[in-house]
Amino acid sequence: MDILVCISCVPDTTSKIVFNDNKLAKDDIQFIIGPYEDYALSRAVELKEENESINISVLNVGLKENDSLLRRSLAVGADSAFRINVNPNDSNQVSSLIADFISENKFDLILMGKESTDFNSGIVHHLVGSKVKYNSFSPVSSLSIVDNTTVEVNLEKKSSIEKIQVSTPVILGCQEPIADWKIPNMRGIMKARSKEINIIEKEEKEMKVKYERFTLPQKRSEIKYFTKDNISDLLEELKIFK
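Numbering (numbering that gives the first Met the number 0), first residue to last: 0 to 241.
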């Protein structure tokens, strides 16, 4: 079975977000593999540990600075890595590039995160599915292989979990608790250094969305604390709301 894991490059949640000239200032931001894509990759590696005949490819749409994340994916257990050398601008553009790659290479199982944690659109897997005519399901919290042409998944609903068996090829948007995150060990890191990252040159696809501006959320109002020793101050503050 051939598995493709699509990974995104997102800011670490601990990074401070700053905009300069209406653009994200990336200089001081630590970028990581999207957490949901990390779950997808970890589950793919677990499946490979159960069946060594499985081959895992990882794909990223992005620029050279993302190579370190692809290298990490190889260290975790992926067999090959590909990067489409295009700056990702919107979901339609990214999904079109991924769809072209899938059409040219053919995979049994395509795993993605249920959404990226930067824009949280949650639609790329479904857009890719519509372009390559594959079924797509999301969010998926459990995945097992039944046979070479069938997988069983738990599909999260608002008030229930739906267990279904689906034929491959299929696209799945993954979330916890589908797997425990894999941490690369020293042996994996050393092996990953010798593996090639395959760069694919493509023209940028048409953008369906144009970003006009970025703004930070408004600051929350100040929180004031009062104790039993300064009740009079509290009463003064409450007068403001009369």
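Worth flagging that the hints you see were computed from the coordinates, not collected in a lab. Since we're looking at a predicted model, the values are computed, not measured. Watch out, some of these pointers could steer you wrong.
In silico lysine-lysine, PhoX-like type, Cα no more than 20 Å apart, as pairs [unchecked claim]:
hint, residue 1, residue 2
1, Lys22, Lys194
2, Lys223, Lys204
3, Lys207, Lys63
4, Lys218, Lys15
5, Lys47, Lys105
6, Lys47, Lys218
7, Lys63, Lys22
8, Lys218, Lys63
9, Lys63, Lys105
Report the numbers of all earlier hints that the structure fails to satisfy, in ascending order. Checked against the structure, the hints that fail are numbers 1, 2, 3, 6, 8, 9, while the rest are satisfied.
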